[in-house]
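Chains as they are written, first to last, in this note's numbering: chain A, 1 to 295; chain B, 1 to 434.
Mixed in with the good hints, there may be bad ones.
As the list claims (entries may be wrong) - Okay, the calculated bits of chain A under chain B, using three or more residues with CB under 8 Å as the criterion:
#1 41-51
#2 58-66
#3 144-151
#4 235-244
#5 257-265
By construction, these hints were calculated from the structure, which means they are not laboratory data. Everything numeric in this text was worked out from a predicted model, so none of it was measured. C-beta atoms are modelled at their ideal positions from N, C-alpha and C, and glycine is treated no differently.
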Amino acid sequence: MKISNRFIILLLLPASVMYLVFFLIPTFQALLYSLYDWSGFGAAPQFIGLANFNELLNDRVFWRSMGNTVGILIVGGIVIFGLAFVMTMMLSSGIRGKKFFRGVIFLPNIIAVIALTTLWGYMYTPRTGLFAAVFDAVGLTDLARFPWLGPDTIFMAMMIAIVWIEVGFYVVLLLAGVDKIPPDFYESAKLDGATDFQQFRFITVPLLSDVISIGMVLWSIHALKVFEFPFSFTGLEPNPGSYTVAVYLYILGFGQRQPIYRLGYATAVGVMLLLVVILVVLILRRVTRRETYQY
Amino acid sequence: MKKALLITVLASVLVMALGFGLVNAQEPVTLVYWSMWNETEGQARVLQEAIASFESTNPNITIDAVWNGRQNQTLVRTAISGGNQVIDLMDQDADQIAGGLMREGFALPLNDYLAQPAEDHEEPLMDVFLPNTLEMFSHDGQIYQLPYIYNTVQFWYDKRVFEEVGLAVPQTWDDLLAACDTLNAAGYAPIAAEGNEPGYAAFYLTELLARLKGPGWLQQAAADPTGEMWRDPAVLDAAQRTRMLWDNGCIPPETLGYVWPQGQNTLAFGTAAMELVGSWLPVELQNATDPEFQWGGYSFPMIEGGVGVTSDVYALLLAFMINKDTAHPDEAFAFLRHLMTDAIQQQFTDASLVGVTNKYIQWNSIIADAFAAASAATSTYGDVDGVASLYSEYLNTILYPNYVSLWQAGITPEEFVETLVTQSAQYWTDHPQS
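Bound-form chain A, shown alone (with noise of 0.2 Å):
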């Protein structure tokens, strides 16, 4: 039975309005809210052109914002990614329990991220907390009182506990892509002599080149917009040392405890996430485009 155009159109058409009332709409309005000064409420907006975007360009804390946020993008994906191909390999070599441990890993996923960070807060807690009882049952104790969440080290601890967090989700991926690689592949280069590396290099690795471009792009998107966990990890108000581009825009548009309100200006600093996330993916899709493997 062939299905007519117009059939096809109205299946489609529900969807397709939503997206276009709820995201390509309101994604235009910020476009163009960005060009102008508009507290959100009040007073009528007024137009100034890309005097925002010039703001931005001399604005500090949207730079360091960026810095941090870049940070995590970079170093949390080549740490999380890492992690995830050791963690796959490691569940996937037949090992006993496999669901469990998976189930283990992903656990972090379904948990509330305000739960985690005080999980994670009161771990680094200097004198009293998990890592520095552990530090003073052996002895350590000038590491027992270290402030993991001082100016130095913050960054590193927040890296560690997001890593924490993620890796599971990308585990998950990652495992139903080596599940589908047909164990013939494995053991015709077992007979061949191949060592385990070289069955990751040659095999896993290729044949799993779309789930890790699929993966590389949802991290991307994923850091690129973070907000939760640095939001709710550095106490009352976020310290404007810790903020990445979403914490940042998010303070300036809607007060969080300070009354700003410049929702124009926040506009324009969503603007330009957006359009890092549109390079970063376009870099990776470039980077990681290669022949695709039948099997």
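With the hints as your guide, set chain B onto chain A.
Same frame as chain A, but now just chain B:
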């Protein structure tokens, strides 16, 4: 005959008046109140009881409360700008309202209402308030906010610890440093603090400059378009004293790693002796402190050569605001008048352990020292000496990052001053004041 006619006319007028009165009294009014509290918080429960008692004495008025939590003002703004939601009343930190809805012209002036008698006193309602509370956020002689909860910023400590080591409350900066030595010798971390909390760190900058230059000076410096006011020797002095707290061992080095509430927990656990923070601290720590904990509070000490005094009080108020577009301003204010009655205000301090703005109410005993300070205040200043409400973006992008950097020893006091001068001048060039 004439007399009978007169009686008939008078009776008719009386019946008609009563009739109108009844009709008016029964005309239903619904007030929409969006709250900064979560429904289960102690303050919310007192408000719920206040609403119930107000509704019982005003049966034609219903108050529809929405418990939004601390993001209230942001949600109110969004709802009002949506155009379909009528919100008659809202509450929030007074500093935040001043910099938000009030500045944007959405607050109803309350002067005429405040001149009317209080619900339970014969004097005008405005005379029921503690000194310098109603006026803190007035603009052009108009009062737009009704403060109902009063927090003071002071050093909070366990009296037992001070007694144990033989310490009197520090009156001067030198006393404070000496107290640090005594407490250190006794094995206590003298001052608890959060390492990474801009608002809490800035309590020190605010208090140091208030004592050195007097209230209002920090606000003027922040607004100086040239940035040159930051070159005043008092700023370098304040920055050096900030570092002194760390370098002299008043604040232990591991504090750098404390993220709220880890610093204040050290006070509750008995490892630290005091903390400069709002009078909400005893409430926040009530489940963490042992039952024998004896709360005391004292104002930031005087500094030799400074013009500020300890009766200058750092006051963080929570206030109500009536939407200027409300259809029921009289009823809305009647509810606020009800909130200011002795009974309701007493309930706030008894049940929620908070300070209140009604001068006749003794605050809960655990914050008695905050009440003493508030009652004796010769002047009050708001968050970061008013910078938080007037120049919030400047605070977040210039003052906070640099002061936190100084706080964490990322820059020296001299660098702090120079950076403030140059960044402030640049900021005000990019953001000319209207």
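Results for each hint:
{"no.": "1", "hint": "41-51", "in the structure": "holds (count 3)"}
{"no.": "2", "hint": "58-66", "in the structure": "holds (count 4)"}
{"no.": "3", "hint": "144-151", "in the structure": "holds (count 7)"}
{"no.": "4", "hint": "235-244", "in the structure": "holds (count 7)"}
{"no.": "5", "hint": "257-265", "in the structure": "holds (count 6)"}
The structure fails none of the hints (numbered hints given earlier).
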